[in-house]
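Colleague: Since the structure of chain A is already known, use the hints to place chain B on it.
Below, each chain spelled out in residue letters.
Protein chains: 2
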Amino acid sequence: MKIETLIDQINKKKSFLCVGLDTDLEKIPNHLLKEEDPIFSFNKAIIDATQEFCVAYKPNIAFYEAYGLNGWKSLEKTINYLNLNYPEQFTIADAKRGDIGNTSTRYAKAFFEELAFDSITIVPYMGRDSVEPFLEFTDKHTILLALTSNQGAFDFQTKKVNEKELYKEVLSVSKSYKNSENLMYVVGATKAEYLRDIREIIPDSFLLVPGVGAQGGNLQEVCNYGLNSNVGLLVNSSRGIIYASTEEDFAHKAALKAKEMQIQMAEELKKLY
Amino acid sequence: MKIETLIDQINKKKSFLCVGLDTDLEKIPNHLLKEEDPIFSFNKAIIDATQEFCVAYKPNIAFYEAYGLNGWKSLEKTINYLNLNYPEQFTIADAKRGDIGNTSTRYAKAFFEELAFDSITIVPYMGRDSVEPFLEFTDKHTILLALTSNQGAFDFQTKKVNEKELYKEVLSVSKSYKNSENLMYVVGATKAEYLRDIREIIPDSFLLVPGVGAQGGNLQEVCNYGLNSNVGLLVNSSRGIIYASTEEDFAHKAALKAKEMQIQMAEELKKLY
Numbered sequence: 001m002k003i004e005t006l007i008d009q010i011n012k013k014k015s016f017l018c019v020g021l022d023t024d025l026e027k028i029p030n031h032l033l034k035e036e037d038p039i040f041s042f043n044k045a046i047i048d049a050t051q052e053f054c055v056a057y058k059p060n061i062a063f064y065e066a067y068g069l070n071g072w073k074s075l076e077k078t079i080n081y082l083n084l085n086y087p088e089q090f091t092i093a094d095a096k097r098g099d100i101g102n103t104s105t106r107y108a109k110a111f112f113e114e115l116a117f118d119s120i121t122i123v124p125y126m127g128r129d130s131v132e133p134f135l136e137f138t139d140k141h142t143i144l145l146a147l148t149s150n151q152g153a154f155d156f157q158t159k160k161v162n163e164k165e166l167y168k169e170v171l172s173v174s175k176s177y178k179n180s181e182n183l184m185y186v187v188g189a190t191k192a193e194y195l196r197d198i199r200e201i202i203p204d205s206f207l208l209v210p211g212v213g214a215q216g217g218n219l220q221e222v223c224n225y226g227l228n229s230n231v232g233l234l235v236n237s238s239r240g241i242i243y244a245s246t247e248e249d250f251a252h253k254a255a256l257k258a259k260e261m262q263i264q265m266a267e268e269l270k271k272l273y
Numbered sequence: 001m002k003i004e005t006l007i008d009q010i011n012k013k014k015s016f017l018c019v020g021l022d023t024d025l026e027k028i029p030n031h032l033l034k035e036e037d038p039i040f041s042f043n044k045a046i047i048d049a050t051q052e053f054c055v056a057y058k059p060n061i062a063f064y065e066a067y068g069l070n071g072w073k074s075l076e077k078t079i080n081y082l083n084l085n086y087p088e089q090f091t092i093a094d095a096k097r098g099d100i101g102n103t104s105t106r107y108a109k110a111f112f113e114e115l116a117f118d119s120i121t122i123v124p125y126m127g128r129d130s131v132e133p134f135l136e137f138t139d140k141h142t143i144l145l146a147l148t149s150n151q152g153a154f155d156f157q158t159k160k161v162n163e164k165e166l167y168k169e170v171l172s173v174s175k176s177y178k179n180s181e182n183l184m185y186v187v188g189a190t191k192a193e194y195l196r197d198i199r200e201i202i203p204d205s206f207l208l209v210p211g212v213g214a215q216g217g218n219l220q221e222v223c224n225y226g227l228n229s230n231v232g233l234l235v236n237s238s239r240g241i242i243y244a245s246t247e248e249d250f251a252h253k254a255a256l257k258a259k260e261m262q263i264q265m266a267e268e269l270k271k272l273y
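Residue numbers (full-length UniProt numbering), protein chains in the order written: chain A, 1 to 273; chain B, 1 to 273.
With the rest of the complex left out, here is chain A:
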């Protein structure tokens, strides 16, 4: 998907919400467990109910891998369902991959070709030749981890490298990568105050912001520092939406939560124009 299409969708729906599909057999409603593929049934219902309020879906690949072959099948059905029925949705494989050149190319093929995702999350630790193989797919988007929402981010990401924090070094250095115009970045909502500095380094890039809701991040703060003239934000919520209810009304309750966020986002977008 072209970035312009994503921006059009955001403006049309007045939403920059991404729904995280962290689908867990231990958390989905009991009545779904008798279905042939409970994970896909859950995802399908969540997608149908929430799609009018969001512009992106982000399956967290670990949750599918944990169920082995069956999990992989559920993931494949989910992305195919999205691409067939809601091609206007931006799809993110939250895979946090990255390896030496020829291996990264394999991961890129897995997620961009086999599964036809629009984008994938990537870890920058191994540097340029681990990231550029993803950027070679110029009709896709590569989302680099910069500053993550967890406590462990303070172990290395915020430590000073060349007198600036490692995550800032990641932002600066990655701008020199080939096809870097197709980069987006992960910045955790729990660290919204860092967004001001981040926007000085990458004013134009889209940011994928997890951590609003269950992890404690605040939407308004994220918007204050993170919005740019092209919106430039995708704010993710996973558990807060998809597990809003564990009863038969789960999809309806998820839609209400998504709508609630969409309304807040519409307010924030008004400030832009």
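Treat each hint with caution, since some may be false.
Copies of the same chain look alike in the list, so a pair counts if it fits in one copy or across any two.
Said to hold, decoys possible - Once the Cα atoms are required to be at most 25 Å apart in a straight line, the calculated PhoX-like pairs of lysine-lysine come out as:
hint, residue 1, residue 2
1, 27, 109
2, 159, 175
3, 253, 178
4, 14, 109
5, 77, 270
6, 73, 109
7, 175, 160
8, 77, 109
9, 140, 12
10, 109, 259
11, 109, 34
Hints are computed from structural coordinates only; laboratory data are not their basis.
Modeller: Same frame as chain A, but now just chain B:
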């Protein structure tokens, strides 16, 4: 597998060779392509032929993911074949995973329980709470990327953090993680001269060393700086062994290459005692 078992195997076989299973349909012998599962057929033949000369196998997960469901099936068959027929082999899922706590737990389940690997490679970028979920599996081993064999390692890993290089900070900080005695580290053979400093920080840990052979690393140099009194090294070779021939004799040729390395390793081990 307990670390003592691995050390016993190394002493018994006089080898610390790990064979990397980077199995690629475009590189395996043509005659295998007519088999029902060419990737598994190739791996099985390579394993049967090389197992007497090595102590570990390391499937590179990207190569399997690239083939979607079929790739995942081939991976499952490969690890099951190893665990059933050669339980004395140490198995490494070269997956380079890592995510926030509950997600890392999912990846750990995928590779330690669903697929029953002995160990997995992990990226340290997200810090403590992304690594400790793997370390909770105390009968398994978590192999943290420290200094990788690729050129991109110089983008961030070798940059100075608190007056020492980031990879050294990773080594130091990770020693404070819970159950850190089950950590091993990846150090690329192409950077053998760094091993002296590394051994000062982690004298006792096992190192997984890729990059000997095709990537240009030198075994003797790696041993000079990297061996410790418990050996402490697993040296990986992938392409140099498994693609030694693309003809019908591929497994035999792979065995010859593995044996060649085993003989060199036996020489290095002599210096230890």
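Colleague: Decide, hint by hint, whether the structure agrees.
Modeller: Comparing the hints with the structure gives:
no., hint, result
1, 27 with 109, "between (31 Å within a copy, 17 Å between copies)"
2, 159 with 175, "both (20 Å within a copy, 17 Å between copies)"
3, 253 with 178, "neither (43 Å within a copy, 39 Å between copies)"
4, 14 with 109, "neither (33 Å within a copy, 39 Å between copies)"
5, 77 with 270, "neither (37 Å within a copy, 55 Å between copies)"
6, 73 with 109, "both (17 Å within a copy, 17 Å between copies)"
7, 175 with 160, "both (19 Å within a copy, 20 Å between copies)"
8, 77 with 109, "both (17 Å within a copy, 22 Å between copies)"
9, 140 with 12, "within (22 Å within a copy, 50 Å between copies)"
10, 109 with 259, "neither (34 Å within a copy, 34 Å between copies)"
11, 109 with 34, "between (34 Å within a copy, 23 Å between copies)"
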